[in-house]
Structure formats: structure tokens, C-alpha cells
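> Chain by chain, the residues run as shown.
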Amino acid sequence: MKTIYLDNNATTQVAEEVLDAMLPYFRDLYGNPSSMHTFGGQVGRKIREAREQAAALIGAGPEEIIFTSCGTESDNAAIRSALAAHPDKRHVLTSRVEHPAVKSLCNHLSRQGYRITELPVDKDGILDMTQYERALTPDTAVVSLMWANNETGVLFPVEKAAELAKERGILFHTDAVQAVGKIPINMKATSIDMLSISGHKLHAPKGIGIFYVRKGTRFSPFLIGGHQENGRRGGTENTPGIIGLGKACELAARNMDTENRMVPRLRDKLEAEILTRIPNSRVNGTRLYRLPNTTNISFGFIEGEAILLLMDDYGICASSGSACTSGSLQPSHVLRAMGVPFTMAHGSIRFSFSIYNTEDEVDFVIEKLPPIIERLRSMSPYWNAGDQVCSVQ
Amino acid sequence: MWEYTEKVKEHFLNPRNVGEVENPDGVAEVGSIACGDALKLSFKLDENKRIKDIKFKTFGCASAIATSSALTEMVKGMTLEEAMKVTNQDIAAYLGGLPQEKMHCSVMGKQAMEKAIEHYRGGPPTEPAAQIICECFGVTEREIEQAVKENNLSTVEEVTNYTKAGGGCGGCHDAIRQIIERVRAETAPAARPKLSNIQKIKMIEEIIDLEIRPSLKKDGGDIELVDVIGNRVLVATRGTCATCKAADITLKHFVELKLRDFVSPELVIEEVTP
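Line by line, the protein sequences are chains A and B.
Quick note on numbering: the working numbering labels position 172 of the first sequence as 173, and the sequence is numbered without any gaps.
Quick note on numbering: the working numbering labels position 7 of the second sequence as 921, and the sequence is numbered without any gaps.
Calculated directly from the structure, the hints in this document are not laboratory data.
C-beta atoms are modelled at their ideal positions from N, C-alpha and C, and glycine is treated no differently.
Among these hints, one or two may not hold up.
Short, incomplete list of chain B residues facing chain A, as computed with Cβ under 7 Å [stated by the list, open to error]: (1) Ala1044; (2) Lys1078; (3) Gly1084; (4) Gly1085; (5) Cys1158; (6) Lys1159.
Every beta carbon over 10 Å from chain A, so not counted as near; a handful from chain B, in silico [what the hints assert, rightly or not]: (7) Lys923; (8) Ile947; (9) Leu953; (10) Thr972; (11) Ala1007; (12) Thr1074; (13) Thr1101; (14) Ser1110; (15) Thr1164.
Simulated DEER-style distance windows between Cβ atoms [unchecked claim]: (16) A/Asn33 x B/Leu927: 51 to 61 Å; (17) A/Pro63 x B/Met915: 51 to 61 Å; (18) A/Pro63 x B/Gly1010: 13 to 23 Å; (19) B/Glu936 x A/Arg376: 13 to 23 Å; (20) B/Thr993 x A/Asp123: 37 to 47 Å; (21) A/Asp123 x B/Gly1052: 43 to 53 Å; (22) A/Asp313 x B/Glu1049: 32 to 42 Å; (23) B/Met915 x A/Arg376: 47 to 57 Å; (24) B/Gly933 x A/Asp123: 16 to 26 Å; (25) B/Leu1109 x A/Asp313: 48 to 58 Å.
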């Protein structure tokens, strides 16, 4: 069975070119970049190249790129570094819809005595900037707001938010794991101090990430050890990972145009067809400020895990914000923060595309999904097929 | 991804008895859309009062649909007394097991069956005095008690897996912990290890020495252990006890209770005259 992979916000396939770039550094060129000999030294040169490729994708300087193990490490490093740089400040400003990498860390910090403000979002997933501005206080050590939401794709105006933080001398971090590689980013034109990137979200392998720190930002390392990464992140370099991520960044820069023309066309086609063909379905999150590759659609009166498993039978891969898939008993915190009604939240499905998806795949999903939804609704006690309204409110 | 058995997958992909029975004898609806799963059950009896037809409609995940389907297959042909006895463990076992986090689906099946039978018998659909413990998922004290009893649960996490209680805000965790302690104390009074005869005699002697004799001596009385035969504790009274008219009461209400508390609840005191 062919796999139709529409779960690219969860992870992406490693690009062929990326794998090719990495392979020699597993087998033949296994040297340590810190070594004095040529054998190791040549790997060091390759890492410099990767750093330049990564910097180029986001308009940064190579010295502002720190390679880490994943997006979560970068998020932890950023927030903890900011707190260490301002030991007198005890307030962290974030939002209700952050990824667990930031959300759980903030919960942890609140137990250690920090004051955490989680800004709400409206029903479209949009942040209220007036409220944001009011929440910036002299006690605020750092702001951490995601650039793009992993579940809905909704974009936060982080550049504007960073300006406002800068005016008040507050450090600004953004979890840009879903944004980098999908939308153009130019750090030279922003006031963002710190930014997190995850390799496997942009066709590099898992186990590699980037922590961008603006030059001149007060910094305290998260992993203390050797002199690697200029003493800002100890630990022998994941050389194949770094080289792969460098290549992936180069590809992302090259494919940015395709990503922003072809990918949204596929996404929009799927979205429009689903909304037309399937009654009681709706898109979660604004469609105005959104990643080009993501759509989050709710189907009323049925449950997401059941939808996923029936799609799985056809090889279609997607995600759900339902309780049953989250491992907890409540639907996704993002949908709850947006006030999506329970009748809809449990039946939410996220489709996320990449440049490797095709129109045939979209057509296949458009053909298979409506009968799946109908089948589950015919089993649901809340669904009245006749009048297509729910029997409970 | 959940590790579902082949049987769960099979019942999910090909559910049996979906729908609603026409002119049903009993119906019930449990769960709610807010909770993430709900089950509507309806059945009809034949002339021998056995379940002739039973159908379900389920809102929920794959295991909720599979357990509903399994339940209807299991109870078809049963009398209501037999159907009442089907436990959530039976439903899970029928499916070759369920992930721990999904056990609440089997509990939902069991509850729907009970409620539908209650409905047929004309009983109150829900207890009026049912106290809600978990506000997030509307789980009552009785439901938690039953799950703890039937599945021998010992932690809040297990209770959440089986009933969903405590899976939301977490504000009821203390209340759940108390229910677990209470139910376990009630259902496991014989939790003490089984005593050998020698151990039993030694413990009885010890309790008499430490807990009983000092009290009796205050009144100038005393007691002597003569023998222990099975659970019969043979004692002789001494001092003022030997002549006291209330000695019987002392033995039954003081000595026996002490020994039952500290040694074994089956012990019976008998007075012997040397």
C-alpha cells in the first residue's frame, strides 16, 4: 500500500540530497572536527559550511547559529539562558497555545517560583496585541511566543511582538520550529533575540536542531562541557546531522518559492473539497495568517482517532487533536484555548503538506474521506443523517 | 499509536449490531460529547426473557466502538441476570485486552448495559443522590467505587484509565485517593497474611500481655490462655474476674474484640474452668 503522508508538521521525510550529503560522515569521514589532524579537520570545514547554509536560510550570521539536538533543547536553552541572564527578573510571558517544549517548561518554572503569564488567543487562534503589550512588565525576563502553531498553522506576529519587547529591554524568544523553511525569515530585519529550529521538520533527520542567538545577547549555556559551538553548547558535534541540516537549509531556501506556491494550492484544494463535500465540517484557526502547508479541519459529532484509523487503512497519514490521540483525556490545549466546541474539538484532523506531496494524493484523500466520515456518523448517537443537525446541543 | 489487538481492530472495522432496536424494552445512554465518548444502547427481549436483539450507537475512538460491538455480541441470548454479571474485565478479555488508558471504554459498556437493564426494570435511571466526584467528566462516587472494586485499582492514574475521573483539571485527585483507600480498606479486611498456629498463639499471648492484662489488673482481675484450637481461644479467668458477674461481657466485648482487631477477625473467645 502506498503511503500518503500528510503529517509533515509531525515530521518530514529526509530529502534524498540531505541523506546523500550525510552518508559519508557516518562511514568514511568519521573524524572528530576538534581534532588536529587533517582527517578530523576536514569535517570541521564541512560543519562551517553547514553553519553558513543554516544562517543563510534565516538571514543570520554564522556565529549566531548554535547546533543542538532538537527543537526542545533549543527552547529550553533559550528560556533558561534568558532567566540566567536576568536573575533579578521573575516573570515569563508566553501563550496558551505553545508547544509542550515551551508550555511544560513554563509549568516547571512556575513550580520553581517564576510568574508565568499565558496569553489567551481568540476563536481564530489570534493573539491580542494590546493585551500582549500590557503584559510586558519591568519584571519580565523573557517572552516566548511561537512563530507558527503546529496544530493550526496560525502565525503569530512575532516580529511586531519582538519590537515591543525590545523597546522595554525584554529578551524575546520564538519557537520557529514550524515556520522555518516554510515561510521566508530574515533575522536581520527583526528584533528577535533567540529562535528555535528543528531539523526533522524541514527534511533533515531527527536528532538535530538549531538555537539562534542574536550577536550581543547575554547568554548562558544549557549544556556545559567542551569548547564545541564556541563553548555555548558542549558535546561532540553530531556531524552527519549538522551536515544534513545544512543541506536541508540550503534546499529549503531554494524551494521556498515552491513551498509558497504549490504547497498552499494542494492544501487549499483539499480544504475546499472537504468543506464542500462533508457537512458539519469547519476549519480551525484563521485562514488569513497561516502556514502555507497546514489545515486543521473539524468534523462534528465524531471522534478523531476513529477517523485516523480508518484513513490509516488507506495509507493516509494525518494527526488529530482529539482526546483519544493525545494520551490525555481532553482534546488539544490549542483547540480548547480557541474555544472550539467539544462537538468539534474531538473530531479535529490536521493535514500538513510538504513539497513532496502531489495532486493525485490530494484527489485520493478527497475520494476516500467523505465515506469515512459518513460511516462514523452513522454510528454516532449524536448524528441525525436526515436533517444533518445534532440531536444534542 | 495505540497497541490494539487484532480483535479490537476487527470489531472497529466491522462493528456488529450498529443502530437502534425498534420498540426496545430497555435503552440507556452513557457518556457525553464533552467527555469524548458516549454510548447509546437499546435491547429487546424474547418470550423467554432473554436478550433477542441489542444495538448500539457510539461516539468515540476505535476502542469505544470495538467494546460496544463486543458487548452486544457477548450479551445476545443472555438473561438480564446474566447480562448484569458481565464485567468490564469480561468485555476487555473478549477483545484480547485493551490498552490501560482505554479501559474506560469497557467500563462505559458495562455501565450502559446496567443502565439499560435498570431502565427495563423501571428503576431510577440514575441515583438521585449520586455524588459527582470528577466535575470535568461527570464521574460519580459510585462509579469510581465500582471500578476500584471490580478491577482492584490502587492508584489515581488507574482510576483515570478506567473511569476518566481525574483526567481533566486534576482537582479531584485527593477525593479519588480517599475513595481508593476506603474501598480497599472495606474489601480487603483479610489483607493480613495467613497465620500459622504457632504465630497465632504467640500473637494472642502478646496481645493479652500488652493490651488486655494491664486493663484487667487495674480491677484486680486477670486472664490466662489455656489453649487455641483453630479459631477458638480458650481462656480461664483469674482474680476478681473469676467471681465477677460481668466477666462474660468483659470477655466478649473487650477481650474478643481486642484479639479480633489485632490478631484475626475470626477468633472466638471461650471460657473454660480449669
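> Using 7 Å as the Cβ threshold, decide whether B/Ala1044 counts as touching chain A.
Hint on B/Ala1044: violated, closest Cβ of chain A at ~20 Å, above 7 Å.
> Using the nearest Cβ pair, does B/Cys1158 come within less than 7 Å of chain A?
63 Å, violated
> Take the C-beta atom of B/Thr993 and the C-beta atom of A/Asp123, compute their distance, and say whether it sits inside 37 to 47 Å.
Since B/Thr993 and A/Asp123 have Cβ atoms about 56 Å apart, the given range 37 to 47 Å is violated.
> Over 10 Å to the closest beta carbon of chain A is the bar; see if B/Thr1101 clears it.
At roughly 26 Å from the nearest Cβ of chain A, B/Thr1101 sits farther out than 10 Å, so the non-interface label holds.
> Confirm or reject: B/Thr1164 is not an interface residue toward chain A, with every Cβ-Cβ distance exceeding 10 Å.
With a cut-off of 10 Å, B/Thr1164 remains clear of chain A, as the shortest Cβ separation is near 56 Å.
> Quick one: work out the minimum CB distance from B/Ala1007 to chain A and report holds if it exceeds 10 Å, violated otherwise.
21 Å, holds
> Is 13 to 23 Å a correct range for the gap between the Cβ atoms of A/Pro63 and B/Gly1010?
56 Å, violated
> For A/Asp313 and B/Glu1049, compare the CB-CB distance with the range 32 to 42 Å and indicate the outcome.
Holds, at about 34 Å.
> Over 10 Å from every CB of chain A: does B/Thr1074 meet that, or does the non-interface label fail?
7 Å, violated
> Please check whether B/Met915 and A/Arg376 have a Cβ separation lying inside 47 to 57 Å.
Once the Cβ atoms are compared, 21 Å apart, the range 47 to 57 Å for A/Arg376 and B/Met915 is violated.
> Between A/Pro63 and B/Met915, does the C-beta distance stay in 51 to 61 Å?
Since A/Pro63 and B/Met915 have Cβ atoms about 40 Å apart, the given range 51 to 61 Å is violated.
> Just checking, B/Leu953 versus chain A, shortest CB gap more than 10 Å?
Violated, because the least Cβ-Cβ distance between B/Leu953 and chain A comes to about 7 Å, which does not exceed 10 Å.
In summary, the numbered hints that this structure violates are 1, 3, 4, 5, 6, 7, 8, 9, 10, 12, 17, 18, 20, 21, 23 and 24.
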